[in-house]
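If you read the sequences in order, they're chains H and C. Per this note's numbering, numbering of the first sequence is gapless, rising by one per residue and ending at 122. Per this note's numbering, numbering of the second sequence is gapless, rising by one per residue and ending at 122.
Estimated spans, in silico, between C-beta atoms of each pair:
hint, chain 1, residue 1, chain 2, residue 2, range
1, C, G25, H, A41, 42 to 48 Å
2, C, D121, H, K48, 38 to 44 Å
3, C, E45, H, F119, 43 to 49 Å
4, C, S64, H, H93, 29 to 35 Å
5, C, G25, H, K48, 35 to 41 Å
6, H, A41, C, R29, 40 to 46 Å
7, H, L33, C, G25, 56 to 62 Å
8, C, G25, H, D78, 54 to 60 Å
No lab work stands behind these hints, which were simulated from the structure alone. Ideal placement from N, C-alpha and C gives every residue a C-beta, glycine not left out.
Protein chains: 2
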Amino acid sequence: MSADEWSKSEKGIARRAFDLAYARECKAIEEELKKRVSELHDPKDLWSLHSYLSHRLRETERKYDYRYSVLISVFAGLLHNGRLAIEDISGLSGEKIEAIKRIAEFLDE
Amino acid sequence: MSADEWSKSEKGIARRAFDLAYARECKAIEEELKKRVSELHDPKDLWSLHSYLSHRLRETERKYDYRYSVLISVFAGLLHNGRLAIEDISGLSGEKIEAIKRIAEFLDE
Numbered sequence: 014m015s016a017d018e019w020s021k022s023e024k025g026i027a028r029r030a031f032d033l034a035y036a037r038e039c040k041a042i043e044e045e046l047k048k049r050v051s052e053l054h055d056p057k058d059l060w061s062l063h064s065y066l067s068h069r070l071r072e073t074e075r076k077y078d079y080r081y082s083v084l085i086s087v088f089a090g091l092l093h094n095g096r097l098a099i100e101d102i103s104g105l106s107g108e109k110i111e112a113i114k115r116i117a118e119f120l121d122e
Numbered sequence: 014m015s016a017d018e019w020s021k022s023e024k025g026i027a028r029r030a031f032d033l034a035y036a037r038e039c040k041a042i043e044e045e046l047k048k049r050v051s052e053l054h055d056p057k058d059l060w061s062l063h064s065y066l067s068h069r070l071r072e073t074e075r076k077y078d079y080r081y082s083v084l085i086s087v088f089a090g091l092l093h094n095g096r097l098a099i100e101d102i103s104g105l106s107g108e109k110i111e112a113i114k115r116i117a118e119f120l121d122e
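Same shape as in the complex, but just chain H (with noise of 0.2 Å):
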């Protein structure tokens, strides 16, 4: 499959290597809340903290789009900071795990 085409078992690997870095995304700011709501000590430290999470949600609203348009960017971006290996995406065609790599290298530069 070119990367741009998107079989039915990529579509299903695609998806679930998509949820799986979404709930690392989640899980990453929970334990980030958790650490700093422990932290607090100051009334206007809830405003930090609340900036802190807006920005954080946005930014995953953002980034977790699930279009297959976009998804090559998308994978290369969850790979570039981490959290996608290139295991979780094993099975896509080697066009498509070629044009992530190449992407993601890219960023990391």
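Got chain H; can you put chain C on it based on the hints?
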């Protein structure tokens, strides 16, 4: 002093009572936040938590308005919702205390 004029001593009492109520308000938000964070178990809970925090902080900003022109109503509201006790504003003129109690009782009904 009438309900419209504030002596220097009353301003001191008002400021302390206001700050005390504000600290109690933030403490209550913090406690509720800690409880909700400890109960997180689904990614979408992060969004509910964020909505809760947005709502409470917005409400707090709106409620804690330290302008002498509105302070009687502000204190009545804080008495009504338990953030202040009548002892916390002791020292204000009888006229102010009466006005505050009257509005608080109206809110209680």
